[in-house]
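Peer 1: Listed below, chain by chain, are the residues.
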Amino acid sequence: MRFAGSAKNYGAVAALKPTDLEIRDGEFMTLLGPSGSGKTTLLNLAAGYLEPSAGRIFIGERDVTNLPARQRNIGMVFQNYALFPHMSVADNVAYGLTVRRLPKPEIQRRVAAALAMVRLDDYGARRIQELSGGQQQRVALARAIVIEPDVLLMDEPLGALDKQLRRQVQLELRRLHEEHRRTTIYVTHDQEEALVLSDRVAVMRDGSIEQLGTAAELYDEPVNAFVAGFIGESNLLPAKVVSVSGAEARIDIAAFGQSANVPAAKGLKAGDDARLLIRPEHVLIDREPDGLAAEITEVVYLGELTAFNLRLATGETVWGRQITDRSLKRGMSVKASWKRASARIVPKN
Amino acid sequence: MARRHIETLLLLAPAVIFLFLCFVVPLARLFSLAFTDEAGPFATFAILADSDVYRRVMVNTFLVALAVALITVVLAWPVAYILTKLKGFWFAFALYGVLFPFWISVLVRTFSWMILLERNGPLNRFLINLGITDKPLALLFNDTGVMIGMVHVLLPYAILPLYGAMLRIDQRLLMASDGLGAGLFDTFRRVYFPLCLPGLMGGATFVFLLSLGFFITPALLGGSNAITLSMLIASFINDRLAWSLAAAASLVLLVVVLALLAATAKVLPFGKGMYAK
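Top line first, the protein sequences correspond to chains A and B.
Per the working numbering, residue 168 is the first one in the first sequence, and the count goes up by one each step.
Per the working numbering, residue 222 is the first one in the second sequence, and the count goes up by one each step.
Fair warning: there could be bad hints in the mix.
[As the list claims (entries may be wrong)] Coverage of chain A stretches by chain B, computed from C-beta distances (three or more under 8 Å per stretch; other residues unrestricted):
#1 206–218
#2 253–266
[Claimed, not checked] Here are the computed distance ranges between Cβ atoms for each label pair:
#3 B:F314 to A:E400: 23 to 29 Å
#4 B:D391 to A:R223: 28 to 34 Å
#5 A:Q246 to B:A484: 36 to 42 Å
#6 A:L269 to B:A484: 24 to 30 Å
Quick caveat, the hints were computed from the structure, so don't treat them as lab data.
Note that the coordinates shown come from a computational prediction; the quantities given were computed from them, not determined experimentally.
Just so you know, even glycine gets a beta-carbon here, dropped at the ideal spot from N, CA and C.
Kindly generate the complete structure, drawing on both the sequences and the hints.
Peer 2: Next comes the structure, spelled out in structure tokens:
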């Protein structure tokens, strides 16, 4: 599936700025962003529920820009599932096949297979209202998949589930995707969901894609502070670029009262205001004798990990995470340092 | 807890006492009259059962009510649909258009229809001028006139529940149907229409039941050529002073209506099952 300069405006407001995006065959692509970032608009353009203001949309070689949803052969899973309340589970799943006028025995066979795939074998005769949220979600998925769509579209399908269930369904979705390798576009604002499920993630903000990459690329090499803040957890400290030489940049870090050499970043030159990104797991305690003097102001025990807050001599706070070490106590004075090679500087927006 | 109960009872009391004294007691009294005929407690019912007139009127009343309900629902559908699509000024305009007839007395509206539907009235002149008909159509003092008048009065009762049902339909269900490959007709037939059905049946039942008891409109627009049950009951009292017969006819009508209501409720389980929220 491919978007070429696709855009959507409402009057003078651009819900989606002209966007190019290619989803590879069999790829699980997640559109990740806060509300109003244009991710749902992009999904609705893919589905055909919205008409683009500009650009073309392709499914394979097919130009579907002007086709209504019913002619696109897409499978859509809605946030609230949008299951037909007046039909049984089996009739819901069969719907797309019924309106395609397929022979009854084939419909029955495929519905049974789809229900088995989402582990609802014996639920065909049930009514929608009798199912739990998680089961409804699976019915919605079966209904979308049974028509063998060219692209599977999902709009925050786990949004209505509680946390435990969400984790479970995430793994289920991943299993299904690994088995069937169906091209999928998945919309969410939950970064963990995006990291668990996706082959690639497009991080969106204000109607455009900020960065497109694998989970590791986004985590390790965010292009700006927004992506860094959105993917994973982070300390983002104000920093000033002093000089750039090759792959190294020298920066002033006001919070640390010191300068440091870090890997250079594209688009940053001497004199720029930037942000230093230090992931919590890269904050080290008492590893280097010449570390910064700091006080532990908070210790939160998370099981195998312990999170802690540090207040630096400059008054700045930084937080970190490490494999649980029971010797950390609130109020302790420590020497804090950070993994230089893993830190990144990023443009501040 | 006990205090709450007393408060509830006190708050309910005026309405309950009023209804009991002014509605339940007279109704019970009226129905008890049905069993007071000199020829025995069930003599009145026997008379009704033997009466050809009564049977014809009964059948006619139900047929007219059925026709009115059908016509009303068919006319209400597009209005209700358009109401769901309108916004702002035009919505308010259309809604007041629907509700406006409520604010005009049925009597006034029925007399207006008498003038409009007359042999030489505006409607007939209009049809003749258009060349649709050579001589005036008989629009008054028959079932046609009764139905026109009743449809007009009862239309809002069908539009409002239907509008409510249409409004409650989640637009995403229609999107889902579309996305699953259904054409517009399939989406209508398999999703939109079934989900409108409770409102449709609710409105139709409402209109049907109200039509059964209509008096002023059929009396004025139908006259003696289109007698309905309510007119017959009135004539039992006014012309023949046969109170027991009137009571028996009323009781039969009530029983039939209740039976029909129960049947509709069984076919369409309102408030539970598939339409429950």
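Peer 1: Check the following: the C-beta atoms of F314 (chain B) and E400 (chain A) are separated by a distance inside 23 to 29 Å.
Peer 2: violated (55 Å)
Peer 1: Could you see if the CB distance from D391 (chain B) to R223 (chain A) stays within 28 to 34 Å?
Peer 2: holds (31 Å)
Peer 1: That 36 to 42 Å hint for Q246 (chain A) and A484 (chain B) (C-beta), does it hold up?
Peer 2: holds (40 Å)
Peer 1: Between the stretch 206–218 of chain A and chain B, see if three or more residues pass the 8 Å beta-carbon test, and mark the coverage as holds or violated.
Peer 2: Check passed, 3 qualifying residues.
Peer 1: Verify this for me: three or more residues of the stretch 253–266 of chain A with a beta carbon less than 8 Å from a beta carbon of chain B.
Peer 2: Three-residue rule met by the stretch 253–266 of chain A, so holds; n is 5.
Peer 1: Tell me if the beta carbons of L269 (chain A) and A484 (chain B) are separated by a distance inside 24 to 30 Å.
Peer 2: With Cβ atoms ~37 Å apart, the hint is violated.
Hints 3 and 6 from the earlier list are contradicted by this structure; the remaining hints agree with it.
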